[in-house]
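Residue numbers (the numbering used here), protein chains in the order written: chain X, 7 to 260; chain Y, 7 to 260.
Keep in mind the hints are simulated off the structure, nothing from the lab. Among these hints, one or two may not hold up.
[Said to hold, decoys possible] Computed footprint of chain X on chain Y; a stretch qualifies when at least three of its residues, placed anywhere within it, have a C-beta under 8 Å from a C-beta of chain X:
| id | stretch |
| --- | --- |
| 1 | 16 to 24 |
| 2 | 109 to 120 |
| 3 | 131 to 139 |
| 4 | 153 to 162 |
| 5 | 222 to 230 |
[What the hints assert, rightly or not] Below, a sample of chain Y positions facing chain X; criterion: calculated Cβ distance under 10 Å:
| id | residue |
| --- | --- |
| 6 | Pro10 |
| 7 | Ser13 |
| 8 | Gly27 |
| 9 | Arg30 |
| 10 | Gly49 |
| 11 | Ile50 |
| 12 | Glu65 |
| 13 | Gln70 |
| 14 | Gly72 |
| 15 | Leu83 |
| 16 | Asp84 |
| 17 | His86 |
| 18 | Asp97 |
| 19 | Asn216 |
| 20 | Arg245 |
| 21 | Ser246 |
Note that beta-carbon positions come from the ideal geometry of N, C-alpha and C, so glycine has one too.
Protein chains: 2
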Amino acid sequence: MPGPIQSLSRAAAILRLLAGGERRLGLSEVSTALGLAKGTAHGILRTLQQEGFVEQDPESGKYQLGAELLRLGQSYLDVHELRARALVWADDLARASGETVYLGVLHQRGVLIVHHVFRPDDTRQVLEVGSMQPLHSTALGKVLLAYDPVARGELGEEPLEAYTSRTLTDLASVDEECGLIRERGWADAVEETWEGVASIGALIQDRRRNPVGAVCISGAVERVCEDGFVRPSLVASVRSAARAISRDLGAGRF
Amino acid sequence: MPGPIQSLSRAAAILRLLAGGERRLGLSEVSTALGLAKGTAHGILRTLQQEGFVEQDPESGKYQLGAELLRLGQSYLDVHELRARALVWADDLARASGETVYLGVLHQRGVLIVHHVFRPDDTRQVLEVGSMQPLHSTALGKVLLAYDPVARGELGEEPLEAYTSRTLTDLASVDEECGLIRERGWADAVEETWEGVASIGALIQDRRRNPVGAVCISGAVERVCEDGFVRPSLVASVRSAARAISRDLGAGRF
DNA sequence: GACAGGCGGTCGACATTGTCGACCGCAGTG
DNA sequence: CACTGCGGTCGACAATGTCGACCGCCTGTC
Chain X
7 MPGPIQSLSR AAAILRLLAG GERRLGLSEV STALGLAKGT AHGILRTLQQ
57 EGFVEQDPES GKYQLGAELL RLGQSYLDVH ELRARALVWA DDLARASGET
107 VYLGVLHQRG VLIVHHVFRP DDTRQVLEVG SMQPLHSTAL GKVLLAYDPV
157 ARGELGEEPL EAYTSRTLTD LASVDEECGL IRERGWADAV EETWEGVASI
207 GALIQDRRRN PVGAVCISGA VERVCEDGFV RPSLVASVRS AARAISRDLG
257 AGRF
Chain Y
7 MPGPIQSLSR AAAILRLLAG GERRLGLSEV STALGLAKGT AHGILRTLQQ
57 EGFVEQDPES GKYQLGAELL RLGQSYLDVH ELRARALVWA DDLARASGET
107 VYLGVLHQRG VLIVHHVFRP DDTRQVLEVG SMQPLHSTAL GKVLLAYDPV
157 ARGELGEEPL EAYTSRTLTD LASVDEECGL IRERGWADAV EETWEGVASI
207 GALIQDRRRN PVGAVCISGA VERVCEDGFV RPSLVASVRS AARAISRDLG
257 AGRF
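Hey, can you work out the whole structure from these sequences and the hints?
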């Protein structure tokens, strides 16, 4: 495989850098952060700006991400086949369970949320489509770890971050848990990322049984759990939704 | 100004091409559509894929947009100052008016929706953040046309598309309407883009009185209009929300 | 079942193209 | 009023991306 295009990789790195830091960044900050000559960084930024991927605050001269990225991100969702077919099933699942529903796919070292149905009550909630969740401490993530070798590979050998006292932080425990998940066909995560929140997830696969994503419900531990375990009726709902979506994907080939 | 970076511009063109066509595109389709050699297009696509901006269907070998774009698009929203400050005001406006609220900024030849508050009832609605609306036939767009010379410039000299029988299609009428909008300080669009839908919009400006965006409410013409005109009470609500957001932006400089 | 035509992908020579580091003008600062 | 930092420009150089021919594969066809 021939090498990647240098200027493009650098442009991508700049975009990621801008996405990471919360505030706007100046030209010098960008060039030193990536070890580029100022002129080089400027040329890339100028082009990105022209294309709408980056915007420059005319007052301070600093750079931030541009609107075109939002538009393209939306287009990504429009084309996304898994998401399109899962929309109606996710809605049903939210109504049946009374809890928040997430749909996620593996992306880099985490789970990218591609669909989010609010819990059907009137509390204020913020849409989390486009955000990432960790692999080793969420129901979505653990499902993918258990079934997708690529996901397991992404974990690498680094020690895992502990978000709460219940987070699994060593790889052996995670692998053991994955075995259990494969055996019974679903995953849960009770207060492993956020205190007070429990979630139940199941795998979505395409017509060739490849793992393509996961669906989960997530809610207050008092509602989702009972006597210290997740409620079997909720598990059944999640698994049946996952099967329905998988079936939909399998049938959907022309 | 030195020239833009060729490979980057081409990569951007490829992304836009993939975003435009609804279905996945093959390598040859991409290269012929943009007039590139197949090898060149392949190199760019390979790099974009590596960076997560493009994904390849392993079965057909065709390309589509990648998940990284969704993540970056979300980051764009996170950093967006106008949006952050407008969130609470938009919520209030939706509650007070009982209608859908949109917040938009100028982007290329249209208005990009950066925030969307559902009408406060239980009907099913789809989030339109990240989508585009035309400049010459929506309240948001006409506000920007009236106050932002850049927006007016984007219209160019092309004939305007008619979405309904009430769409203003010649530039003279649009300019005349813009004069009216500047005089009274708000814009409306009654069934100019979608049959049965009316909207009312007002300008948002920063501390130096530059136009930075617009806010509008949008709803069924039967509710928004009365005796053929938009209801004055709704106009007042929209204008006061726009003023509040503008004030917030002005005060918010450290 | 051999063939043709299309696909995605590779390769290596070429010169276009992006890169580098010195330099510029400006704004804020002591 | 020098000084330091900023964003931005410039021009020489060669590294780099580009091109078009080529490869192997699959698919549909006669």
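Okay, the hints, checked on the actual structure:
1. 16 to 24: holds (count 5)
2. 109 to 120: holds (count 5)
3. 131 to 139: It holds: at least three residues are needed, and the stretch 131 to 139 of chain Y offers 5 whose Cβ sits within less than 8 Å of chain X.
4. 153 to 162: violated (count 0)
5. 222 to 230: The restraint on the stretch 222 to 230 of chain Y is violated, since only 0 of its residues have a Cβ under 8 Å from chain X and three are required.
6. Pro10: 4 Å, holds
7. Ser13: Ser13/Y check passes; min Cβ-Cβ to chain X is 5 Å, inside 10 Å.
8. Gly27: At about 9 Å, which falls below the 10 Å cut-off, the nearest Cβ of chain X leaves the hint on Gly27/Y intact, so it holds.
9. Arg30: Since the shortest Cβ distance to chain X is 7 Å, the answer is holds.
10. Gly49: Cβ of Gly49/Y sits 6 Å from chain X, so the hint holds.
11. Ile50: 6 Å, holds
12. Glu65: 8 Å, holds
13. Gln70: Holds, because the Cβ-Cβ distance from Gln70/Y to chain X comes to roughly 5 Å (cut-off 10 Å).
14. Gly72: With a minimum Cβ separation of about 7 Å from chain X (threshold 10 Å), the hint on Gly72/Y holds.
15. Leu83: OK, holds: Leu83/Y within 10 Å of chain X, min 7 Å.
16. Asp84: 8 Å, holds
17. His86: This interface hint holds because 8 Å falls under the 10 Å limit.
18. Asp97: 8 Å, holds
19. Asn216: 9 Å, holds
20. Arg245: Nearest chain X Cβ about 25 Å off; hint violated.
21. Ser246: With Cβ-Cβ at 22 Å, over 10 Å, it is violated.
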